[in-house]
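J.: Here is what each chain is made of, one letter per residue.
2 protein chains.
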Amino acid sequence: MKLEVVTIGTELVLGQILDTNAVDLGRELAAAGVEIVRRTSVADRPDMIRAAVAEALDRTGFVITTGGLGPTRDDMTKKEVAAIFEKPLILDAAVLQSLEERFRRLGRAMPASNRTQAEVPAGATVLPNPRGTAPGLWVEEADRVVVMLPGVPSEMRGLLAEEVLPRIAGRGETAGIVVRSRTVRTTGIAESALAERVGAIEDEIAPLTLAYLPSSSGVDLRVTAWRLRVEDAERRLAAAAAQLRARAGEHVYGEENADLAATILDLLRANRQRLAVAESCTGGLLGGRITAVPGSSDVFAGGIVAYADDVKRDLLGVPAALIKAHGAVSEEVVLAMAAGAQQRFGVDAALAVTGIAGPGGGTVDKPVGTVWLAARLGNAARALRRVFPGDRGEIRARSAQAALDLLRRLMGTLA
Amino acid sequence: MKLEVVTIGTELVLGQILDTNAVDLGRELAAAGVEIVRRTSVADRPDMIRAAVAEALDRTGFVITTGGLGPTRDDMTKKEVAAIFEKPLILDAAVLQSLEERFRRLGRAMPASNRTQAEVPAGATVLPNPRGTAPGLWVEEADRVVVMLPGVPSEMRGLLAEEVLPRIAGRGETAGIVVRSRTVRTTGIAESALAERVGAIEDEIAPLTLAYLPSSSGVDLRVTAWRLRVEDAERRLAAAAAQLRARAGEHVYGEENADLAATILDLLRANRQRLAVAESCTGGLLGGRITAVPGSSDVFAGGIVAYADDVKRDLLGVPAALIKAHGAVSEEVVLAMAAGAQQRFGVDAALAVTGIAGPGGGTVDKPVGTVWLAARLGNAARALRRVFPGDRGEIRARSAQAALDLLRRLMGTLA
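Top to bottom, those sequences are chains A and B.
Sequential numbering from 2 applies to the first sequence in my numbering.
Sequential numbering from 2 applies to the second sequence in my numbering.
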């Protein structure tokens with residue numbers, strides 16, 4: 002099955018935001034064996050929206066749009082698509098009712114402008130959107146389909162997964178053929194060092210392709226099977242992933258969307274152990290990473306953000322003399338921070354981070370990017386110094402990931 | 002001047018990478034007064050590349066492509082564009098020589114596959130690319146122009162700035178003409194309610210256009226001047242922004258890329274006041290937001306992530322009886338958390354957040370998304386209950402922004 006995507010928004014053509022919806026649509030549709038033959042972006046202008054959607058419809062007969070469904074006047078997709086199908090917009094009583102209920106639940110009166118969100122092209126199927134006010138719309142007539150989704154990424158993703166993909170699977174044109182990827186996630190090793198370890202695997206895994214994808218969480222190894230039968234793709238991907246895992250060894254922390262924080266929480270939960278953190282340069286991001294995992298509260302007790310040195314002393318019990326002798330960014334201080342957090346929260350495991358995230362504060366001995374990390378589990382402790390590249394945001398993100406990885410490796414040696 | 006952009010790459014339609022070239026092209030061309038009327042993305046397939054470029058050329062007569070200029074499998078953009086212009090590909094001696102020199106400099110032998118990179122459509126202008134092996138190409142005939150740029154972002158940006166924009170400016174159609182935007186940032190008010198306050202301003206500001214851009218940090222109001230003379234655009238944008246600020250009133254916290262955390266830090270720094278935070282459901286994100294601002298350490302002392310109830314009691318001094326009587330997500334507890342942080346860190350200002358970020362933990366009285374926020378400044382305190390929509394990540398991001406906004410508003414009433 003083939004289709005086209007039209008993403009609508011002036012901010013997209015002016016380069017004011019990245020088109021993350023294009024990524025989500027591309028990935029999810031490919032996984033479902035659907036080929037996107039073309040993707041078009043146009044500004045919030047009626048004539049441009051109509052031309053782009055009508056041309057895409059003429060070429061492939063199936064178009065998914067994102068954006069232009071909000072309550073304000075710059076949102077015009079619905080009207081233009083209705084015109085292409087020569088249908089009037091009519092008020093949908095069920096949509097109006099669910100909108101009114103939504104506002105009641107949030108304890109607010111519904112503004113009149115939201116009423117237009119209850120208008121749909123006559124005969125359209127309404128795709129309920131529990132995450133927002135604009136429902137998705139599926140307009141179909143004589144083998145021509147336009148599916149309109151909202152531009153807010155979380156709403157778009159929800160509707161795609163819950164309403165659009167099941168309907169597309171039901172059309173039966175994609176039976177058995179997939180474009181499918183599998184990802185092995187590594188951290189704590191640079192891309193070039195990882196490439197040396199993995200070696201020239203590309204010929205062995207052909208026709209699968211391999212990509213190295215570095216980011217602040219490490220280097221992902223992604224193998225892709227292109228338009229193979231599902232069983233063949235799965236068999237080849239499993240074999241390639243097993244080979245990659247074997248070669249990358251202890252640097253692998255999971256597959257697909259595995260999150261190192263979730264991995265750590267699972268390991269601790271299995272041992273009935275609890276965790277606390279002490280943060281300086283990450284300023285709360287490490288706690289934020291951990292608590293981003295639903296259900297983290299049974300393992301994570303809390304943390305202390307000790308941004309000022311007197312807080313390291315008063316709340317974490319780091320001796321002032323230690324800070325004076327070695328500096329706040331040192332092995333001695335990071336170990337004392339971890340011990341202080343462990344004791345203060347009365348927990349089994351503790352992580353600590355202290356470093357220089359920049360842009361200021363670097364010296365010759367301790368340049369910007371210098372970070373000391375520590376992990377404690379019971380009486381075992383480990384500290385590590387890293388010098389991270391990147392800007393302030395990247396250094397902080399890499400620091401949080403490296404702290405989690407230090408605990409993973411410590412637990413591995415103790416297991 | 003108007004043109005279309007065609008970005009070429011299978012990874013783009015499969016959603017494996019974000020199209021950052023689209024952002025760079027959109028931003029740079031808009032600043033130069035060029036309007037991108039449509040942007041198209043296609044896979045590395047000859048027929049699709051040719052159709053997309055030819056159609057774009059028919060519509061606007063000027064097309065910029067990115068991608069498909071590499072040395073191997075994807076060396077197809079050049080061939081398809083040459084075919085559209087009915088020109089042969091010929092070996093360019095100067096390009097070949099500079100390629101050979103480049104390889105010599107890197108101490109490597111030039112692979113035979115790179116020779117094809119020296120082939121150009123007959124009559125094309127070669128745009129030198131010092132950052133990579135593929136030069137840009139400018140093909141022009143009878144008022145039809147196709148400019149081909151490599152897909153590697155740093156090479157694309159370099160060629161755009163150094164070779165393409167100067168040539169476009171030299172065409173004289175864009176002298177002094179710009180597409181320019183201005184953004185007024187609001188928070189603490191829903192899109193539809195904001196639209197009611199702003200009213201039907203679109204007619205008054207025409208030919209400028211207005212877009213409402215909601216996100217977890219609030220609703221941005223973006224006005225855009227399309228292809229006006231620069232002085233005219235600036236004058237109209239300033240007038241429109243002033244009107245929007247007046248109508249949106251106290252909900253405005255800044256313009257352009259203003260960050261509410263930076264705004265708060267500036268306000269506190271001016272009064273020589275220091276800040277601490279107490280976080281439950283945000284788990285460190287609020288501290289993370291604040292410390293993302295370079296130089297935050299002179300204002301921000303630190304924070305306590307009190308994820309477990311006993312931490313709220315032991316580290317923040319919240320009476321256990323209060324938690325028992327009202328629940329951890331309550332006005333009483335959030336105010337006690339803020340007071341505890343203020344006292345514990347010995348600071349002037351404190352923020353506290355406690356809520357139910359989901360997906361579990363909601364009740365009829367306190368559904369998922371219920372968040373209590375508190376701000377303290379000296380002896381003044383304010384608490385606020387909000388019920389945020391969205392998933393766990395959005396609820397947490399909105400909570401951090403709302404906490405910062407509560408302090409902004411409290412400082413406004415005390416000023």
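Derived by calculation from the structure, the hints in this document are not laboratory data.
Hints may be right or wrong, so weigh each one.
When chains are identical, the list treats them as one kind, so a pair holds in a single copy or across two.
To be verified - Below are the SDA-like pairs computed for lysine to any residue, each with C-alpha atoms no more than 25 Å apart in a straight line:
#, residue 1, residue 2
1, K367, S155
2, K80, P215
3, K325, R275
4, K367, L128
J.: Each hint: holds or not?
T.: Against the structure, the hints come out as follows:
In this assembly of identical chains, K367 and S155 lie within 25 Å of each other by CA distance solely across copies; the values are 23 Å between and 41 Å within a copy. Within a single copy, K80 and P215 get their C-alpha atoms only as close as 43 Å, which misses the 25 Å cut-off; across copies the closest is 21 Å, which meets it. In this assembly of identical chains, the alpha carbons of K325 and R275 lie at most 25 Å apart only when taken from different copies (23 Å versus 31 Å within one copy). Taking the closest pair of Cα atoms, K367 and L128 never come within 25 Å of each other, the shortest separation being 56 Å inside a single copy and 27 Å across copies.
When the structure is compared with the earlier hints, a violation turns up for hint 4 alone.
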